[in-house]
Amino acid sequence: MSRWELRGVSAQVGSFEMGPVDLDLAEGEAVAVVGRSGAGKTTLLRAACGLVPLREGVILRDGIDRSTTPPERRGTVFVPQGLGLLPHRTVERNVRYPMELRRTPSASAVVDSLLEEFGLVPFRNRFPGQLSTGQQQRVAVARSLAADPELLLWDEPLSALDVSSRDELLDTLLAVRTRKRIPIVVVTHDASVALSLADRLLLLDAGTVRYSGAVGPLLAAPVDRFAARFLGYENVLSRNALATERTSPFGRWLWDRSGPGGVCFLAAREPRAEDPSQQVWTGTVRRRDLVPGGARLTLAVDGLAIKVFAPFSNGRAEVPGPAQPARFVISERDLKPLGASTDSDS
Amino acid sequence: MHVSLSRRRPSPTSWAGTILSAVLGASLLLLLFLPLYSLFTFAPWSTLVSEGSDAGVQTAIGFTLYASGIAVGLTLVLGVPLGYLLARRNFPGKSIVEAAVTLPLAVPHLIVGLALLFLLAPGTPLGSLADRLGVPVFGTIWGVVLVMVYVSAPYTVFASQIAFRAVDERLLEASRCLGATPSQSFATVTVPLAARGIVSGGLLSWARSVSEIGGFLILAYSVRPSPPYYGPETSPISVYIYNLYQIGTLPGAAAVSSLFLLIAFAIFLAVRLAERAGRLPALPGGFFP
Chain A
1 MSRWELRGVS
11 AQVGSFEMGP
21 VDLDLAEGEA
31 VAVVGRSGAG
41 KTTLLRAACG
51 LVPLREGVIL
61 RDGIDRSTTP
71 PERRGTVFVP
81 QGLGLLPHRT
91 VERNVRYPME
101 LRRTPSASAV
111 VDSLLEEFGL
121 VPFRNRFPGQ
131 LSTGQQQRVA
141 VARSLAADPE
151 LLLWDEPLSA
161 LDVSSRDELL
171 DTLLAVRTRK
181 RIPIVVVTHD
191 ASVALSLADR
201 LLLLDAGTVR
211 YSGAVGPLLA
221 APVDRFAARF
231 LGYENVLSRN
241 ALATERTSPF
251 GRWLWDRSGP
261 GGVCFLAARE
271 PRAEDPSQQV
281 WTGTVRRRDL
291 VPGGARLTLA
301 VDGLAIKVFA
311 PFSNGRAEVP
321 GPAQPARFVI
331 SERDLKPLGA
341 STDSDS
Chain B
1 MHVSLSRRRP
11 SPTSWAGTIL
21 SAVLGASLLL
31 LLFLPLYSLF
41 TFAPWSTLVS
51 EGSDAGVQTA
61 IGFTLYASGI
71 AVGLTLVLGV
81 PLGYLLARRN
91 FPGKSIVEAA
101 VTLPLAVPHL
111 IVGLALLFLL
121 APGTPLGSLA
131 DRLGVPVFGT
141 IWGVVLVMVY
151 VSAPYTVFAS
161 QIAFRAVDER
171 LLEASRCLGA
181 TPSQSFATVT
191 VPLAARGIVS
201 GGLLSWARSV
211 SEIGGFLILA
221 YSVRPSPPYY
231 GPETSPISVY
241 IYNLYQIGTL
251 PGAAAVSSLF
261 LLIAFAIFLA
271 VRLAERAGRL
281 PALPGGFFP
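Respectively, the protein sequence lines represent chains A and B. Residue 150 in the numbering used here sits at position 150 of the first sequence, and the numbers go up by one each step. Residue 146 in the numbering used here sits at position 146 of the second sequence, and the numbers go up by one each step.
There's no promise every hint is true.
Claimed, not checked - Some chain A residues close to chain B (C-beta under 10 Å, calculated; not the full set): (1) A140; (2) A146; (3) K307.
As the list claims (entries may be wrong) - Partner residues are not named here, just some residues of chain A that face chain B (Cβ under 10 Å, in silico): (4) C49; (5) G50; (6) P53; (7) R55; (8) R73; (9) T76; (10) P80; (11) G84; (12) L101; (13) P105; (14) A109; (15) S144; (16) L153.
Hints in this document: simulated from the structure, not taken from any laboratory. These numbers were taken from a predicted model, which means no experiment stands behind them. Here a beta-carbon is modelled for each residue, glycine too, at the ideal position from N, C-alpha and C.
If we strip away everything but chain A, and leave its shape as in the complex, we get:
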């Protein structure tokens, strides 16, 4: 049973400071590190594997301090953005690389089984530049496992992948996590990784932790605009945007229910007969995107842009088009006030 603990970890790269970060990882757990560009996500991974020295804090494995253990002996495998495959080595020699370094006996058998497991046998003599992005990702996973990692750190695993390759890699990572019980930390801009792979989320903003915990509570109540957008909230309105519309009834209504960083809510909906008590608002359709089962409308409501879902209900196959008026309601319990964040308040 291995357990990794990051206690008050902080690091500095140039003038950028990251941390302090606390993170616990038990065997088979996965944590997604999310945040805007420049939030310190990659710095956290590089600090965890020893490529960046810690300024403060400790990294423990089963209670033993590994803060100063060099990267090659730390037991952490870091897969950088771009995967770090060696372009002068074939697929087979890339997978064999960690075992060559350690002069592992019976490396060939392990390499063969990894190539087999990840469907790389037909490509074993090809160079990384001759593979598709999806195949390269599989080589990266196989090579990581050849290094016998105790903690896998992956920077943007699904970047630049098409939908089927993403699903395939996500399945592979899930298998690594569940079958091999290797704890994983992934940095991602992709909500699907966070939501399907990770048990917990670590949200970084300008180097500091904005949220650390299970995914569910953050989904229910995003802490800031970044989290709301990342998790798929369609309407994310900043406090500044609301302030300029405070004179209108709709703007005032939202302003009163917003937090210091604004407010977010899922797509508003058209009013139904069963909720006459709700306040009905009206806007003008600026854009209509047809989707299965209806249309996603972007309405101009005073100076605010509001996303509304209009279903093809009751046999109706038409929804309001551009420049037409449309009515909608927002349930008060769907409104999530947001905390302040460091991005430009637009």
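Please build the complex by placing chain B on the supplied structure of chain A, with the hints as guidance.
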């Protein structure tokens, strides 16, 4: 008629650009090759054969290849680490070092010879020290090697600097996390990826070494046997050809020049073919596309 949709027809502007580039490029090729053509055709082939079988010519060519081999080896040993430092490390005065390494390219080569003579002539402190250490410089192979290293080192330094800089640091980081110590990472990632650039630099340095003459005229016009050269008294090939020209043996000068150019061409071709055959890593870095 079937027209392939995937092949785009070049626009008139791009046609004009292609033609202009071709005309300008062909002009340069003419400028480069016409003098060589006149050189090759100046002397009859029989002269080439007779000069090629002349012991003095063979000694001079052999000596030049030998000395240039030592010079390139020294340039690589001394220049590649400097290229690495310039590519990967920041230190005070780095720009000054870069400028200083470039300087030999701008110094007229007679002046290189004079400068080395003032520094190392018999009787000077360093010249006396070299004599005592058994590596006399004036009129020996070491004088030739020294001049070669001086005029050619910048090519190796800058080619290896470019090659090292082109190695993605993320590859090194990935290799460290896969179990490589810093020196293993250097040996298994940096060196293979920079090798082509370093080889290119070495080749350019070699070419510059064998084409030198100014420094030799001052420091090693005539080379006497002295370790590690044990052959008869000779001259670097450039000086040898200059002598033939001076005494008015123009067909001989042309024939020996042609012979040496053929050897140089064969060496360049061998390196390129080795690259093609994958015996040298054909990867980013270096001057050659």
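Structure-based check of all given hints:
no.	hint	in the structure
1	A140	holds (9 Å)
2	A146	holds (8 Å)
3	K307	violated (38 Å)
4	C49	holds (5 Å)
5	G50	holds (8 Å)
6	P53	violated (13 Å)
7	R55	violated (19 Å)
8	R73	holds (8 Å)
9	T76	holds (6 Å)
10	P80	holds (4 Å)
11	G84	holds (3 Å)
12	L101	holds (4 Å)
13	P105	violated (15 Å)
14	A109	violated (19 Å)
15	S144	holds (8 Å)
16	L153	holds (8 Å)
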